[in-house]
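**Student:** Here are the chains, one letter per residue:
Number of protein chains: 2
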Amino acid sequence: MAVKVYGFIGSNAVYRVLASLYEKNVDFEFITVNMVSREHKRPLFLARNPFGQVPAFEDGDLTLFESRAITKYVARKYADQGTELILKDPIQMAIQTVWMEVENQKFDRASWKLMEIAMGRVRGGPELVAEYEKKLSDVLDVYEARLKENKYLAGDGFTLADLHHQPNIYFLMSTRVKRLFESRPHVRAWVADILSRPAWLKLMAFSP
Amino acid sequence: MAVKVYGFIGSNAVYRVLASLYEKNVDFEFITVNMVSREHKRPLFLARNPFGQVPAFEDGDLTLFESRAITKYVARKYADQGTELILKDPIQMAIQTVWMEVENQKFDRASWKLMEIAMGRVRGGPELVAEYEKKLSDVLDVYEARLKENKYLAGDGFTLADLHHQPNIYFLMSTRVKRLFESRPHVRAWVADILSRPAWLKLMAFSP
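Chains as they are written, first to last, in my numbering: chain U, 1 to 208; chain A, 1 to 208.
Chain U with its partners taken away, still in its complex shape (with noise of 0.2 Å):
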């Protein structure tokens, strides 16, 4: 039985869950939640998702929400498929828990307010995006240092660590924000390297 996504095309939070699937090969059933008639905000979805937000996923009895928490349960239950997206070493694995923290803590409260900027969710004033554009650019300088030594940024391969990147980036590189990842060489060719994976390009031919 494949496993079933809940989602809709366009959430950040759904991709990244979307790339994991596909970086390890795993079917998967989408059901689409329709959030223009507030499906989300229904029992039915509460009770996979107490917080009424996509995505939610199921394997089997098994219901999880937060998009991150599912990645983790998608590498470690297909740990022997697909791209290794959590290292198996521990000291390996330490670091790269730590640019998995980064990009929650850091990269990903820079970005989203930018992005719900750029959608119109949230009123953007010239100080405010330049706020978030300083604390960006302030995380993008510590990724060019890292990228300088590594190719990605748990090490020498590709992992969670990056995945989790990917749809914000995504978003961000189809407005004014891509210059802020386009002038830093080493981020510049992470992000182009990143988002040519054959996982995210299937991702983004996607249709449910």
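Note that these hints are calculated values from the structure, not bench results. There's no promise every hint is true.
Identical copies go unnamed one by one, so any copy, or any two together, can satisfy a pair.
Under the rule of at most 30 Å between Cα atoms (straight-line distance), these lysine-lysine pairs were calculated in the DSSO-like manner [what the hints assert, rightly or not]:
1) LYS134 to LYS88
2) LYS178 to LYS41
3) LYS88 to LYS113
4) LYS77 to LYS106
5) LYS4 to LYS77
6) LYS148 to LYS4
7) LYS135 to LYS4
8) LYS202 to LYS88
9) LYS148 to LYS135
10) LYS151 to LYS41
11) LYS148 to LYS41
12) LYS77 to LYS88
13) LYS106 to LYS178
If you're wondering where the values come from, they're calculated on a predicted model, not measured in any experiment.
Guided by the hints, dock chain A onto chain U, whose structure is given.
**Tutor:** Structure of chain A alone, referenced to chain U:
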């Protein structure tokens, strides 16, 4: 050789790491970072954490930062001693991971802003306070339902999913935000429980 924690007393992220070490009965050496002289922005510290924030952590040659990455390393390395902070069963671990992500994505973002306002780091007009108290209340409503069915967030036992909350809750219990925890009976009981754990009380008595 004891592990080393670089930080200062009063930092919630440092407390998070120390709480995990006390739960695991791991000896540590504490090195105070002088924030007043901006030691955390100097090259020696930036080599430990490129973001120039506490804590940093060393175990022999391994250097880590990001408090939640450090607690996970501690929980895995010392899996067989002290409190079982990461559940071993894959399904239980997946559920634990959901609640750890909720802490990171939802609880921390709402509670940290309220802490910054309380500390005077962020100008907190009534509108901003109301906005973030609403965000925190929405999270605590979900916790109330969860804790009605389970003693701890991940299930029957105290894990990192609970531990990661301790520092922010401890701080907020001395502010007017306390009422948001106190008004929800299962959240209130959980708060009383996690802040009276022997490891947390030892940490409260710690002085470098």
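**Student:** Now tell me if each hint is right for this structure.
**Tutor:** Going through the hints against the structure:
{"no.": "1", "hint": "LYS134 to LYS88", "verdict": "neither (35 Å within a copy, 41 Å between copies)"}
{"no.": "2", "hint": "LYS178 to LYS41", "verdict": "between (33 Å within a copy, 28 Å between copies)"}
{"no.": "3", "hint": "LYS88 to LYS113", "verdict": "neither (33 Å within a copy, 36 Å between copies)"}
{"no.": "4", "hint": "LYS77 to LYS106", "verdict": "both (27 Å within a copy, 26 Å between copies)"}
{"no.": "5", "hint": "LYS4 to LYS77", "verdict": "within (15 Å within a copy, 33 Å between copies)"}
{"no.": "6", "hint": "LYS148 to LYS4", "verdict": "between (38 Å within a copy, 28 Å between copies)"}
{"no.": "7", "hint": "LYS135 to LYS4", "verdict": "between (36 Å within a copy, 29 Å between copies)"}
{"no.": "8", "hint": "LYS202 to LYS88", "verdict": "within (26 Å within a copy, 34 Å between copies)"}
{"no.": "9", "hint": "LYS148 to LYS135", "verdict": "within (20 Å within a copy, 39 Å between copies)"}
{"no.": "10", "hint": "LYS151 to LYS41", "verdict": "between (41 Å within a copy, 26 Å between copies)"}
{"no.": "11", "hint": "LYS148 to LYS41", "verdict": "between (44 Å within a copy, 21 Å between copies)"}
{"no.": "12", "hint": "LYS77 to LYS88", "verdict": "both (13 Å within a copy, 13 Å between copies)"}
{"no.": "13", "hint": "LYS106 to LYS178", "verdict": "both (18 Å within a copy, 27 Å between copies)"}
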